Structure formats: structure tokens, C-alpha cells
Amino acid sequence: MSDTAHRPPLSQGVSQGAVRPARTLAEHLRTWSDERLSALLRARPDLTTPAPHDSSQVASRAGTRASVQRALDDLTTLELAVLDACVVLGHASREETVAAVHGDPVRVSAALDHLIDLALVWESPGGVRALSGVADLLRGDLASGVSGLRPVLPHALSRTEAVERVARLSAPARGLLEHVADSGGEATSGRARTPHRPEDATTPVEEVLAHGLLVPTQNGALHLPGQVGLALRGGHTTRLPVDDLPELAVTARDPALVDRVAAGAAFEAVRRLELLLDHWGQHPPTVLRSGGLAVRDLKAVVDELHVDAHQAALLLEAAVAADLLAEGHDADGVAAWLPTHAFDAWSESPPAERWTALVRGWFTTTRLPGLVGRKDASGKTRNALAPDASSQFAPEARDHALRQLAALPPGGALASGTGLPSLVERLRWLRPRRPVTRDEMVGWAVQEAAMLGLTGLDALASYAREVVAGDLDAAADQLAPLLPTPVAHLLVQADLTAVAPGPLAGDLARTLHLLADVESRGGATVYRFTTGSLRRALDAGWGAEEIHDFLASISRTPIPQPLTYLVDDVVRTFGSVRVGHAESFLRADDAQAITELLHHPKVAQLELRRIAPTVLVSSLPVDLLLPRLRELGTAPVVEAPDGTVHVARRHLLRTRTPRPTPVPAVARARDTARVSAVLAAVRAGDRAAASAPARPAVATTPITALAMLREAIESATTVVIGYVDNHGTTTDRVVDPRRLEGGQLTAYDHRTEGPKAFAVHRITSVTPAVGDQ
Amino acid sequence: MNDGPLIVQSDKTLLLEIDHERAQECRRAIAPFAELERSPEHVHTYRLTPLGLWNARAAGHDAEEVVNTLLTFSRYAVPHALLVDVAETMARYGRLRLDKHPTHGLVLSSTDRPVLEEVLRAKKIKPMLGERIDGPDGDSVVVHPSERGNLKQALLKLGWPAEDWAGYVDGEAHAIDLVEDGWELRDYQRDAADSFWHGGSGVVVLPCGAGKTIVGASAMAHAKATTLILVTNTVSARQWKDELLKRTTLTEDEIGEYSGAMKEVRPVTIATYQVLTLRRKGVYPHLDLLDARDWGLIVYDEVHLLPAPIFRMTANLQARRRIGLTATLVREDGREGDVFSLIGPKRYDAPWKDIEAQGWIAPADCVEVRVTLSDSERLTYAVAEPEEKYRLAACTPRKTDVVRRLVDQHAGQPTLVIGQYIDQLDELAETLDAPVIKGETPVKERQRLFDAFRSGELSLLVVSKVANFSIDLPSAEVAIQVSGSFGSRQEEAQRLGRLLRPKDEGKSAHFYTLVSRDTVDADFAANRQRFLAEQGYAYRIVDAQDL
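Going line by line, the protein sequences match chains U and W.
Quick note: the first sequence uses our numbering, first residue 9, plus one each step.
Quick note: the second sequence uses our numbering, first residue 23, plus one each step.
So that you can see chain U by itself, here it is in the shape it has in the complex (with noise of 0.2 angstroms):
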């Protein structure tokens, strides 16, 4: 296991040589350079929106208790065993925290270099020390990284102390405390008395209290101190190292072989999806009331696909994840769920495309289905495309998952019944916090992954491995070798059937299946011509020689007779109606009177093409055409408009392209501009509120105001704050702010000598405390 495997440096190097201890986080983030803000800006986006002023905003926000969540949920099991040293220690030097964590320095210390970055710990001047809101966020179990120790209490027993005395201690007394340790540090002492001397102590309780190892509190309750449980777990926050990233169970394939399968499930699922939207172009399936496909579309999908309701789902919602599929309404109006226009140009492009469009939208969407067919909660059967069947976690699932698999080598694949168990594990220790539901996450993303052809066998293919980079061009171009090249020829055969032995090429496929019926799908296609295929075209416009002309343009082999005489025969007892644009007709039973009128010298302006011995048709309208004609010498009627066959084109319902979706170099350059404005106006901030006057700076807006408290809690400096009380007098406190949410400010309040709340709506003005300077 390399050390920094499972995380790479926010910004290279930049912690290391750390400068002057600062005193705030505003301050020490201050001294950050620009690449190392606008890292910390990127890695916790909800920092920049809205914009932060300056430095001492940025802290101030980065402490609120939403967003160390939304920070602690991205930390691996190690990390935030580091940050659980750097609560139970308090305030300790760097190499003092680094040796409390249970597990190799070097990486325990690329572990506190993160926290670092990510202004979770920050380097004040007694050492490092956590953000004060991450205490109370830190909850959990050894498994996600939490010891579960008390803090270090500054003025009780030093740790050597603590370690001299519990190595003092009878075994009984010791069992006793270590259960106390592993139960959350917290105890009654019921009515044991506490000796003065160990040797008086008659029960374990009494031995440990007289050894002051617990420590009683106000409440009566009794603490086991920080120190303590180190003492107890030589030394270390946690018995068992933390840091042994689980390992995958692997075994290896031939990439070569990987690519060729995945490969093949690629095609497949382009082919499927565009099989089904081509489809429902024509017969879209409504939209349910409560929004999604009702289950008997979903079973026409899978009998359509030859897939699974779980591969069927899938389809669709990456379609519409990627936009080829959305709400509309059909030609009744009904709501419909229906192709959009950018299905139109994503069947025109090439398969790799297509299928990188297709795998974007799955990676994006947070859809989940893999519930679909499960019931839900009330009992009810979740329908496919409904939009209670998600999950936020989803994307981070699949994109964890298959980062896993791209940190393999080529071929490496999970090891059949063990491997994806391993995974689950692997990304459990790397993302701890992550909900329950994620085993089954990651079981579907890899599930998933194998159906849309990302990995064959159980591995990564090649070319996924830049979709996981994000080089989704670089993935077309390597995926585009591996699939069928398409063909413009058919091997026609006496049996009726025809086989494209590849993907067709443009418009044929279209045409042929006008022509033929699809007998077989796959790699190749079998079609097969009959009479209703035949007639079918007919119906279309098409007549036997165009037919005739079509099959032996494509065709590589002699038309086979008997297809020939089907066509002719199918066309001799069809009724075979031709229809173009024409705005007249002419016609006449006498064929010579016909030729005779298309060589009048006169007849050009007339614009008349002869479609039959005895029919002529024109671009002129009957109006024009009439006068004309008479004026040639002709007798003509006109003709009621009576039994001409009505030929459409076939009526493609489509609906609006929901939203353009931004192609991830965009997405990332947009990124980029955003962080880089950010950061430019935090130093303008920054700047600015230097070159203010000098402090101490009374606070009296409720923004400086705020950033003050905060930067006093994590400081825990002391500051005089103007408070108007219940009479609506301003009073001054000198307080030690403890904590600030909820728009209550605690505080130990130097007055009462004891924590007391403040409304900050109250707080008129914040002043560093004299002295404190």
C-alpha cells in the first residue's frame, strides 16, 4: 500500500516548511499562498458561495458546524483518526499529535498536512489544534475513525503522570478503566468513596479514584481525562492502527480481453438504448401521475431489449441523466416520456460518442436503479424514472468505485465473490461517514458499470480508465477501435434473410428496417424480407425498382432469384401508389396524345415531368396549369382530387432538450475562474482589512462581528462584547466565547464565572480584550 494512495496532496509541498505560527485561522490562513487558498477553496466549495470578503470570512466559515460537516463526510477512516488525536490532545505540538495516532507517522503526518489544507486543524502557536465546532461533530464509532476518548485535560495529572499511574494499577482496576475508556469516558462513581492513599482502596472504583484517573465533574459524574485513555492505549488514541487501507481482493485478466468484453456491453447498451428511443419516438409511454414508466412499460422495455428490469432501468435513466429522454407530451397531449432533439444528434454521431454521452449522464445522475421493481417504504413497487428512487451519494458511489478499480493495473480485476465485498470495505474505510446504504451502492455501481460496458470481467477496461480521469474524448477515441466498424453492405440470401455483418452505416439501417423485419441484433443484424416488410415499404412510397436498385447497392453478393420474384410478386398484387410533389397531374388514356404534348415546343414553362406512359404531373397548380394548356391547343379537365393514396412521413414525436449540460472541460475551467475570482477578491478583502486601521478594531456590524467571535473561539482568547440585556441597557461582558450557532452565542462569562448564552442579535459590539493583545 503506498502512502499516499488513497490521497493525493491538495497542493504540493505547500504545507511542509510551514510558516510563523499564527494566532487565528484568519491569520494563518492570511499567510497562505494563492495555489493553497484556491486548493482549499476547491476542496470545500461551500466556502465561496457567497463570496467571502477576506481571510478572516473565509475562517469564520469554514468553522460553521454545516460546513465541517459536509468537510468531515470527505475524510478517509485515517484522517479522521487524526483529527479525533488533535480534539482529544487539544492544543499539542505537531510531532506530540502525530505519535498519538495509532499507525505510520509518515503517513499520519500527510494525513494532519491534509487536515491542514483543508483548515479542519490549523498551526497556532501551542501547536495544532482542531476547529473548535469539529469536537462535537466527531461522532461514531472505532470503525469511522473516532476513539471515543475524552480530551486531554490541561490541569490534571501530565501524561507521564498518567502512565506511571495506570501502570501502578491492580488488574482488576485497570480492566475496570479500560471499559470506562471504551464506553465514552463517562461514569458514576454510585458510593464508592474516594481514598486518599491507593493503598486504602478496597474495590477497583476506589483504587482508580484514589489514583485521580477519573475525575469527577460538576454533575457528579466522573471523566476519564484524555490523558488516561492514552496512558491506557500505550500511548495511542485507538488499540489498533488505523491506517491499513483494507486491500481489494484482485485477480488478473487479460486487458486485452477486459477491453473486447466491456467493449461488447458498450455497444450493446448504445445499440439497446437507441433501439428503445427510436422506438418511442413513434409509441412514447406516458408518464405516470406520480412522474416515472408504470411497471408494464418497464416489462415492455425488457421483452423489447432482451435485459433485465435492472439493465432496462439503467438505460433509461442514463438516458435521461444525459438528456436524450425527458417529459414531454405526446401527439394527444398526454404527458409522454419521449426522445429529445439532442437524441436526434446523438444517434447521428459515432457509437464512442454516443457512448460517452450516455456514461456521463450516468455518472452524473443521482437516480438509484437498481430500486427499481423493490417496494418502498409504504409498500408501493418503485417504478423506473420516478424521481423518489435516488440518492445524492450515488455519483460519489460510482466514482469512488471505479477510482478503486483505475488504481489497478491493467486486467486487474475483483476477485470473483470476494472482490466486491473487499471494495465495499475499501471505500467504507475511505469514506467512513458515508450512509449504510452504501454497500448496495457500490454493488450496483459495479453491477452498472458491467452493463454499460466500463469494465468486462470484472475490470476496468482501457478506455474507462479516462472517463474515470475525466478525458472523455481521449475514451471515444480509445473505445472506437473496439467496436464493430460500421458497414454499408449486406449478404443477402435465398432464404429471404439479409445479414449486415456490422453496425450499418447511416440511414441504411433506417431504410432497411422499412424493408425487412429485424430477425436477430447484435454485433451484426439479421434481417429478414417478407411480405409484410415488403408491403410495408410500399406503403412508405417505395416502389419495386427502387427496391430492386437499393438491395443490389448494398448487397455484396448476387440478389438471390427468389428475393427478387417476392419483391415483384409482393408489387404485382400492390396496388403501388407513388407520391411526390407535384401541384397537377395530367393525364390520359392515350399515351401518343401524352408524348405528343411533352414535345410542344411551348410545353417548358409548363414544368411538366412524365411519371407514366399516360401521366404527367406538373409544378404548377391547376389554375396556372389549365389556362396554359388550353392555350396549347389541349381539351383538358380537371380531375376531382378522389383516391390518391396519402403518403406521410413517419411522425417522430420529439420534446425540448431539458438543459444543456456542461461538458466536464467546461465544467472544470468554470470551476477554475470561479476559485481564481474568489480567491482574487479574499486578497482584496484581505488588503483592505489591512490597511483599515489598527486594531484592536471595535467590531460593530454583525458580519465583523461574527468573524470576531469566531476567531476568538478558535484562538479561545478572551473578548469584551456590548450586550443589551432584557431592560434594553448595553452592557459590556468579558467573555471566553466557547461556541457560536443557532444565533446563540456560549460563552464563559468572566461576571457570573460560568457559561452563560448570548443572543447574537444582542451583541452591539466585539472588542478584544484588553490585555489579551
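Hints in this document: simulated from the structure, not taken from any laboratory.
Since we're looking at a predicted model, the values are computed, not measured.
Treat the hints with caution; some may be incorrect.
Said to hold, decoys possible - Covered stretches of chain W (chain U as the covering partner; in silico rule of three or more C-beta atoms under 8 angstroms from a C-beta of chain U):
id: 1; stretch: 60-66
id: 2; stretch: 276-284
id: 3; stretch: 558-568
The beta-carbon is built from N, C-alpha and C at its ideal position, and this holds for glycine as well.
Following the hints, put chain W in place on chain U, whose structure we already have.
Quick look at chain W alone, frame taken from chain U:
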């Protein structure tokens, strides 16, 4: 990109481009596990079925081999789901096995407990089983010996085909040996008989004309026991008898015929399906034949035609060795599964190059002649009852005229005129001045006419459907079909396969089908055409006036 000849479709069909340079190699590689479905001129279609895969398993191929073959020859990437499916399907075979237990007799055992539990819970299977015996090497359950066949059938339906290792009774010994004078057993025939013998029971698939009778004789020589041979009809029974006399040490006295005409039970008895399945007042009076002797071997000729009652009887014969002979495992009624579970898995399939060396697909010029009904006939046809329509269309007098023209065209060449309707045949015979063979023609007379035809004395013969099966008329060069039984593909195959055996000097045979245009006759013909083309016979359609 791989440039293989094979395209694996997601619906489990395999398309083989036969003009590809590696097509032959590929064909040989996929033959053990894929069933050939269609073989038109450019692209042959094979299908992967559970039965085909299990047959491959029974023949000793494993899933990895199959997957590898597909990946090696496939032009495009093979759908992952299909590979998984192949592996899973093949893994199901042999999880359960039927064994002979030293103390408990016939037992069904498995090393895979969940599978055994699953089948034990199946409603259909429960009554066939006795008590449970769990041993150290796996779990077993006693099977009532009479249910051996039914159990295998039921297990196959559940998708857990059992391997039958319970062995066979030897039967009553009887000396039978091959007499190889002036001919010798071809390699593939020997292989076929050997692999059948080692497998115990099963089906040998050999193309028409590849000498299935000799494989049967060779199997008998292996068994050296009394043998019951089941054939499709009397004429075929005679041919078997002749062949056996010629190829083995058996004498006339040792071979009995059990048919409508004769009821002889001898050490080697040849019975027709028809007589066995004859039913009087709800009972099959001739079923006793199956127990008349202690048969050591049962030979089923033309397994793909085996009628349903015979399956039921076969279920009770699981302790006897069985060999099935056929040219195709595809059955019109879809009971391939019963063949697999009751007679046995495919034991041998001839490699294609041998088939071709045999000239299986003889050059045949198949022509469909479209006859236009006269206006009055069309009117009659239009108002006729639906069940009368085919007959009306098929028996139009216009065909008679066309037949005469065709016969004249091929004057001197041995010609058969085949039809369904006796009236029509009689009329034709009269017009053409040719003898007619129909159901009521005595067997002796039939034999005489066939012999005369074979020897060349007679060059024109009008026959009804009695000539469909198992009659060797290798000298026939022209066949004219005037009506058929509603477009049965099976019938078409037989007519073609039987009548158009490879000719000397590579002469091509002619096969004409007369069809009335724009009637149900033409619809049925479409079915037949498709079949012809799928079998690789080129055919064309001409109008009667263009002949």
C-alpha cells in the same frame, strides 16, 4: 480488432460467415455445443441452447473451452451476459447424478446440497423419491427404480439435468459381429459407435447417407446382445434387415420383423413406430414387445420423428442401453429435451468436412413453379370453405399439364411425381401412363416397383407420401412435387434428403414444386422455400408459362 468469421449475437445466435478463410476451422470448433439452425449460402446460423451446451458437457467439453472458442473466433466483442450465461448453464449439468448404491439401489446424489434441496422440494419430483441418505461424500436420496426416466425428464425441466451413472443391464447375450468383406467401417462410423458405447446411451447425429445403419450395426456388435430396433415404417424395416444381413454375422432366422404384416420376435427384432403406438380401446396391444425379451440394446432410428407414446415407453427402459440415430436433433414438436433426458445426450456429431466429403448437399436444382388458376377456379377457390381451400388449390388440373411438360423435358431421366391427394395421383398416373404407389399398394408390389425403378426398368413413378421416409431411391434424378401436407418442413427435408442422393458424375438433380399462385398453396410453399434455402439448397421460382 479481431477478424474472426463468427458474430455472436445477444440473442444467442451465432452467425458464421462461410466465405471467411477460417470458417471451416470455426465450424468444427463450435459444432460440439451449438446447433446448426440454418445454412443458406453466405451466413450460417447456429444457436446456443441449454441442451446444446449440456450435450457438450456430456461429451467432455467445459465452459471455459466454449467461452474461449467464442472469443477466439468472434469478430466483435462477445456480450458479457452471454458468456456468463454459457458458464452458468454448463455448470448446471452434472450437479446431480444418478448412481447405483451398493445397499440402497438407485440413488440421486449431489455434492451441492442447495441444488439437491431445491429439487427435492419440487412438487413433481417428490413422489419419485424415497428416503434420504446423507453420507460423508455428499447427500443422496433413494429413487424408485421405475421412476428413473421420469425423474430425468423432470429434472431437465427444472434445469438441473442429471448425469446417469447408474449403469445398464446386460440383457440376453447374443453373438453379433460385423463382417467387413468388401467394405470397411469408416473412421467416423467407428468413432460414433465407440463414443456411444463409452457414453452408455445417447444419440448419434450423422447426415443422411452417412451410413447410420452401419453405426447401428456396429453398436449391436459392441453390445453382443438381443436388440430391438425401432424404425419409422415397414420399408425402412426391410432396408435395415437387408443391411444387417449384409454387414453382420446375423442370419435371416435371427432377425424378426414386427410390423403390421408380421409379428416375429427374434433375437434381433425390427419394429415400426406405427405398430408399437397402435392403440385399440385405449390400450397399446403391442407394447408387450418391449418386455418380450431381455433386450440388451434398443436402437431408435430417426430419433427426431420418435412419436410421443414411444417416449413414455422409453421412460421405463432406462436400464437398457439405448442408441438414437438421426440426421438432425431439431424436432418440429420441440421435444428435444425428452430425447436428451430419455435416450441420452448427443454422443457423436460428424465433423463437417466429412459430411461434405460425403456430398451431403448434393447439387440440386430446386424450382418452384407457379401455376395460375383459371378464372373459374379462382372463383371457386374464393368462395370455398377454409378447410377445402388447400385441396382445391393443390389439385388444380392446371398442374397436370405442367407435370406433363416437365416429364417430357426430362424424358429418360428417372422421375418421381410426389403428391398428397390420391385422386390427383391417380389422375396423374393415368395421364402420364405411369404406375402409382399409394398407401393401399401391397408392400410386395411396392418393393417390386421400387426395385424396378432402382434398376432403371421404370423411369417414371407416381408416389404418395408413403415414399417420404426411409426409402433409398438413389437413382431418382427428377422429383416433381404436386402437393404436400400443408408445408411440413420435415416432409420437405425427407423428400429431398431421400430422393436426391448424390449422383454419379456429379449430375445435378431437379426438384420441382408446383404451386398455385395467390392461394394458401403458395403460403405453404413459402415455408418450404425457407426451409430449402436454410438447408443450403439454391432454389428459384418460375412461372409455369416460362418453363
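Here is how each hint holds up against the structure:
no. : hint    : verdict
1   : 60-66   : holds (count 5)
2   : 276-284 : violated (count 0)
3   : 558-568 : holds (count 4)
Violated hint: 2 only; the structure is consistent with all others.
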